[in-house]
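Produce the complete structure using the sequences and hints provided.
Heads up: the sequence lines are chains A and B, in that order.
According to the working numbering, the first sequence is numbered sequentially starting from 1.
According to the working numbering, the second sequence is numbered sequentially starting from 299.
Calculated from the structure, these hints are not laboratory results.
Among the hints, erroneous ones may be present.
Pulled a few chain A residues facing chain B out of the computed Cβ check, cut under 7 Å [said to hold, decoys possible]:
hint, residue
1, V152
2, R277
3, T279
Beta carbons: idealized from backbone N, C-alpha and C, even for Gly.
Protein chains: 2
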Amino acid sequence: MAKIKACVVGLGNRGYDIIRGVLLKNDDIEIISVCDVYEDRIARAAEKIKEAGSEPRGFMDYKEALAVKGLNAVFIFSDWSSHTEIAVYAMKQGIPVASEVGCEYSVENCLRLVKTQEETRTPYMFVENCCWGKEELLATSMARKKLFGTVVHCSGAYAHDLRNEIAYGHINRHYRFDNYLNRCCDNYPTHELGPIAKLLDINRGNRILTVSSFASKSAGLEEYISTRGDATEEMKSARFAQGDIITTVLTCAHGETVLLRLDTTLPRSYSRDFTVRGTKGMYMQDTNTVFLDGDEEF
Amino acid sequence: MAKIKACVVGLGNRGYDIIRGVLLKNDDIEIISVCDVYEDRIARAAEKIKEAGSEPRGFMDYKEALAVKGLNAVFIFSDWSSHTEIAVYAMKQGIPVASEVGCEYSVENCLRLVKTQEETRTPYMFVENCCWGKEELLATSMARKKLFGTVVHCSGAYAHDLRNEIAYGHINRHYRFDNYLNRCCDNYPTHELGPIAKLLDINRGNRILTVSSFASKSAGLEEYISTRGDATEEMKSARFAQGDIITTVLTCAHGETVLLRLDTTLPRSYSRDFTVRGTKGMYMQDTNTVFLDGDEEF
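Below you can see the structure in the form of structure tokens.
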């Protein structure tokens, strides 16, 4: 089989780490084109790829990066706000797309993605790594074997203390700063919703009927910054729109409820809090527990 | 100090257990009147009280029970649907009330309780034992000492596998059967909301602004009954209105969100899942964890 000739757009933490940890370790893939809006990131990624024996061309304009002849795929790891534009353009060029999550800000643009895919028939993959999480795969496999009986409720969270990354966003060139400054929403639901959607057969017979979201006040980032001796004036004067905890409840056509939580600006340990509840048992990631029905009442 | 002369209405599991485990162990209290709609329960309670040296009068009509001269208090442990009627009547007689939770079905009747108390000035106490739970008291004390910083979110649950008690309700004379057959709601929110309301100063400066509840489908009880060899025809033909998991989100005037869960008809271990989230730390009952902020990102 000929190698997949790939373009990588977005060479920050996520893009660089996946080049190093995944793509360069895969003999079926050759990276022939890389793109970022920062020159030093292009140089760093190109250097790493050269070490592995290939010589990619570097670009600051994604359209030029996608014009390199012979591309079979583009991996998009750039700023959230740019995913759709790049993906739509690539599909129109006939270049298959793998797009990192944190994807889109409006329903209109989601529809644009879907319609472009349907019109062009270019493959598009929304890349949600937690669908391959060990615990999520275990719980989904148990659910499919009916070990939990009828599943009636699932919950999960993106619970990750990102205060440092967000607060220093303009220093470390991370787009989350502007998002948290100006938006209030569950900006990253797919870590938990991806695996839950598979488990509940969403869009495979089942579907989401209603979405209801609730935001707590925003206090975590501002209090965090107030304790940092090295905070800039811009950081100190920032008033963040993003609530600390976003609680979202979904109801599904087959009667299940789904509870999601965005939880990224308060102190805590990392967790996806993946939970499956059924008539014969439950799975609970936070305590690493499987509970199967017995004859006892507790 | 003279002894409190008490009437106990409702002598089922909760009433009998509190007589035996709490009231009879308190030298300041003498039970002089007991009431239930079942004669055998009256006899059982009277017998237990006699063993402790007192001779209560027994009644099947609560108005007669409350007419016993010299009463200083009534404890109400009867069927949920009867609490308001008995409490309002007692307050009008000037008899102070302690009422068990699972209290009222309508806003109108809640207002009736409040107005009767305000008009009569008779003391009324809504008895929520979990306000004195060790973990809830610990977390509340830590919150008041500002160890969690600004509290922005709390959650909790009444997570208790009651399938046996509910399904056999007409056999064991438990009112939950009819409730689960005909209602769909969070029928028991105070185990978690009581302590959370204290912690968040609800009605002490803060207040609840919105209440939004979501029900999953109802599958737990019917599947449970289908596995029971001794199920009656009435149990087998029951189609329960009550959803298995009720998720409720509250928003508060001071910007906090509160998440509640009723979770009583699926297999699980007991939990109240009490969780407090603040800008400097968290408390999590399910894992028995206190997490206080450090300088590390995880």
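Checked hints:
A distance limit of 7 Å between C-beta atoms decides the matter here; for V152 of chain A the minimum to chain B is near 5 Å, and the interface restraint holds. About 6 Å separates the beta-carbon of R277 of chain A from the nearest beta-carbon of chain B, less than 7 Å, and the hint is met. The beta carbon of T279 of chain A is positioned within 7 Å of a beta carbon in chain B (closest approach about 4 Å), and the interface hint is therefore held.
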